[in-house]
Amino acid sequence: MMDAREAVTRAHREEWARVVAALTRHFGDLDLAEEAAAEAFATAVERWPADGVPPNPGAWLTTTATRKAIDRIRRENKRDDKQKEARMVHDDEPPGTLAVIDDDRLRLIFTCCHPALAVEARVALTLRMVGGLTVREIARAFLVAETAMERRITRAKAKIKAARIPYRVPSAEDLPARVSGVLAVLFLVFNEGYLASGSGADPVRDDLTAEAIRLARLIRALLPDDGEVAGLLALMLLIEARRPARVTAGGELVPLQEQDRGAWDAELVAEGHRLVRERLAAAAAGVAPGRYQILAAINAVHTSARDARDTDWSQILALYDQLVRLDPSPIIALNRAVAVAELDGAEVALAAVDRLEPKLAGYHAFHATRADLLRRLGRGQESRAAYDKAIELAGNTAETAYLTRRRDQLR
Amino acid sequence: MQYLVSVIDDKDNPGRTDRQPAISAFNERLIAEGYWVFAGGLADTESATVVDNRGEQAVFSDGPFVESKEYLAGVWVWEVPDLDVALKLATEASKVCDRKIEVRPFR
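Protein chains in written order, with my numbering: chain A, 26 to 436; chain B, 9 to 115.
This is chain B alone, in the form it adopts within the complex (with noise of 0.2 Å):
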């Protein structure tokens, strides 16, 4: 069963920056345990560009699909036996990122 696990930011309140070579460690586990399936960090939301072609011609537009001070700072594809095995590991990424976390399951 696989997992998308979001890494919530917050704009007002955010998290320390010194969390990558923990969460590097944390990714290593997660490789050994058979867990990781695929794992990216994001760029700042100004970095974002909207395309939307469902009119008459494709319209671009900068920044991000929604404006809020919670965003997507990166993201994690677990594979997982079941929620309980997901929940305790993003119990544990949640520290290791020093950030929320997010566990949704693929349909």
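The following block holds chain A by itself, in its conformation from the complex (with noise of 0.2 Å):
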């Protein structure tokens, strides 16, 4: 039999969503369907070791959660107010028209990612609520003090109920609009794991990356055929794969074209690429794919190569064609640089990174590349300037630190 504490662990990465959620539409009110879901999982530490495993966990912890809740409203004697106060509203349509969608978590993960929230509050409340980390674990992730994240999701909470945003799964006609909104939140929590920020902070959290990944797959079993739920989980699959050749022992960031490519996680990087030729025939019967499907695509080339000078810069550059005409957006422009250089040369590479200068001027990937640029034409001077400038404004300790050593190969 499994370890009770193991038990319990599991039970909360994979039913922590879920129990909150049936709270949330029971008693319409996110507080007290945290804190019953909390005392849930505390009674569960305490009772399964001794009790043993119960045979279906999760609905043992929705069960014991609403006993927990019902405790509470008796408890502060105040039913008829909280019931009253529980003006979240709830979806009383009949499932059909959505029914295929018509799942607890999902209408949670909307409510946390409603436009009318901040980004920010956003991302904590996604963490919290659906992803179950504690306000502690949060704050650390984004380097805020705890008692900050707590009044965040605090008054992100108070904003769902005062201002009545509704607890339910977006219309057809808006979910599209919508569920883009839930994909940004989702990468912005892979990328701050991804390239974490801070002196202090170790360079990759993988808490946060794997995070975003295990939620990015819960929308797919809900959304399943939608093409950019599908390209971005691929996209963070194809990046994740990587990680194990991203920094050195020495905490020092590797760049892709010296990456030991056997280091790769092999199995994401399959998972990766079957999602990502899904979207292809997809693509091919004619829905037009979005940018995380194209972003997706473009990882997956580089990781198609077994040897970082195989790679099919054509097929990358072709890729970022059609990226740039849906988001023409000067990071892009930048990253596009990169493949232009490979296949054009430095010069006309830099010709148009110096370009994207008036807009970029305090983005230190701007400053890196001009840096690769510059030293790969022999300018050397500019290029130690380029990278002084670069690592001033990096704020990832693994990138500062290669960034340094490049620096200090010029002479």
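Rather than coming from a laboratory, the hints here were simulated on the basis of the structure. One or more of the hints may lead you astray.
To be verified - In silico PhoX-like links for lysine-lysine, alpha-carbon gap of 25 Å or less:
no., chain 1, residue 1, chain 2, residue 2
1, B, 77, B, 108
2, B, 77, B, 103
3, B, 96, B, 108
4, B, 77, B, 19
5, B, 108, B, 19
6, B, 19, A, 186
7, A, 414, A, 384
8, A, 186, B, 77
9, B, 108, A, 184
10, A, 186, A, 93
11, B, 19, B, 103
12, A, 184, B, 96
Claimed, not checked - FRET-style restraints, in silico, Cβ to Cβ:
no., chain 1, residue 1, chain 2, residue 2, range
13, B, 9, A, 199, 56 to 64 Å
14, A, 309, B, 41, 25 to 33 Å
15, B, 77, A, 369, 46 to 54 Å
16, A, 198, B, 36, 17 to 25 Å
17, A, 368, B, 27, 47 to 55 Å
18, B, 18, A, 331, 57 to 65 Å
19, A, 206, B, 21, 21 to 29 Å
20, B, 16, A, 275, 38 to 46 Å
As the list claims (entries may be wrong) - Some chain B residues near chain A, calculated using beta-carbon distances under 7 Å:
no., residue
21, 9
22, 90
23, 91
24, 92
25, 113
Each residue gets a CB set at the ideal place from its N, CA and C atoms; glycine is no exception.
If you follow the hints, you should be able to join the two separate chains into one complex; please do so.
So, in structure tokens, the structure goes:
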């Protein structure tokens, strides 16, 4: 039999969102749902080692949490007030129109990622209510004081209640726009884990990248036909697959071209490629891909090459051209220039990069890219100055270490 | 659930002044669909007077309570089921009025 503690940890990972979502649906109150769920898990920690792990942990936890919530309402002796207060709007429409995606957890995700909430609040609330991370963990991940994070979450929950943000899956016509907001939250979580900021932080926060992938898998299970959901999951898997080769033991970033490709996680690569192929088939059938799908395809090209020299740069450039049409942001143009450098040479790429200066002068990757191109062109002094600027702006310790070594190689 | 829907104008970059027919048509629709509770446009901020009678004597002062380039140009009160409905209407209202819109629930 599984160790009881391990069973609780696993149930927490797998069932937290379901328990919170079911209680929110039942009681219409995020605070109550969260507190009761936390109490139910605390009870499981006490009881499962003695009584054994129940055959259906999710059902046990939901039942226990429901009892805790009712106890709490009775104890506070404000049943009527509570019910009057519980103004969150439930989806009273009979299932049918949206039956395929009628899931409590999906409602919870859309509520936490509602566009009326500030982006930081959406990220924090999603990690707490859907991901089950503690406020302390979220605060640490985003380098914010615990009290400040607690306030942010409390304020977001208060706004949901006071402004009457509905607890439901958006209607079919609003769904695509609202899903993109959810995906943006997940990608923010992932990127914070992947390029953790702050001088004291670990360069990679596995817990955050893993959480973002786990939540993306959940959304994929709930919305299996959404191309961008599949695209974002594939993108994150293909980036995550390279993590073992991305930072040296000494904490220095290893750029893609220099990574030991044998150290990549083959299983994640295969899963990412499978998803990209699925989307390519859809694109061939006439479904235009969105930005996450194109980014995933670019990463699929990179991870298909056994050796960096075998990278199909013309395909990467074609994908960037497609991406630029969808998203004309200067950051995309900067990444496109990297592919241009491989195909047309550093000089052509540098001209393209220099044109981006007005928009990207404060972005460390702009200066790092320039530094690399100038180095390749033998313009050592200018390259040094660009490395200096990139080092000054970079927030990630592994990146700073890499850029510093590169700069010091120049004379 | 009632929301106060404020129309915000900007002194530096004011909205167009030909919006009244479109606003009237939008109001007709709000009434027909059962969302309309109240609406009113406000005169210029220079016509405002602030009264403070928290001290010994009432003090009247000329002008709005806060000097800013953005100011309240008008309000609606809507009765709608939830914030999503309010935001959908506010999105249309912003276009109709050619101005920013704030949506805020009553307690």
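- residue 77 of chain B paired with residue 19 of chain B [C-alpha distance capped at 25 Å]: holds (5 Å)
- Message: Run the distance test for residue 19 of chain B versus residue 103 of chain B: straight-line Cα separation, threshold 25 Å.
- Response: Holds, at about 18 Å.
- Message: Can you confirm whether the C-alpha distance between residue 184 of chain A and residue 96 of chain B stays at or below 25 Å?
- Response: Distance ~18 Å between residue 184 of chain A and residue 96 of chain B Cα, so the pair holds.
- Hint check, residue 9 of chain B versus chain A [nearest Cβ-Cβ separation less than 7 Å]: The hint holds - residue 9 of chain B has a Cβ within 7 Å of chain A, the shortest such distance being about 5 Å.
- Holds or violated: 46 to 54 Å for the Cβ distance of residue 77 of chain B and residue 369 of chain A? With a Cβ separation near 48 Å, residue 77 of chain B and residue 369 of chain A satisfy 46 to 54 Å, so the hint holds.
- Given the proposed pairing of residue 186 of chain A with residue 93 of chain A, does the C-alpha separation stay at or below 25 Å? holds (21 Å)
- Message: Quick check on a hinted range of 47 to 55 Å for residue 368 of chain A and residue 27 of chain B, using CB atoms only.
- Response: holds (52 Å)
- Item | 17 to 25 Å as the expected CB spacing between residue 36 of chain B and residue 198 of chain A, which holds or is violated | Given a distance of about 24 Å, which is inside 17 to 25 Å, the answer is holds.
- Message: Given the hint of 56 to 64 Å, is the C-beta distance from residue 9 of chain B to residue 199 of chain A inside that range or not?
- Response: Violated, since residue 9 of chain B and residue 199 of chain A (Cβ atoms, about 19 Å apart) do not stay within the stated range.
- Query: Under the criterion that the straight-line Cα-Cα distance not exceed 25 Å, is the pair residue 186 of chain A, residue 77 of chain B satisfied?
  - Reply: violated (31 Å)
- Query: With a cut-off of 7 Å, does the beta carbon of residue 90 of chain B approach a beta carbon of chain A closely enough for the hint to hold?
  - Reply: holds (4 Å)
- Grab the minimum C-beta distance from residue 91 of chain B to chain A and call the hint holds if it beats 7 Å, violated otherwise. Holds. Min distance 5 Å.
Comparing the model with each earlier hint shows violations of hints 6, 8, 13, 14, 20; every other hint is respected.
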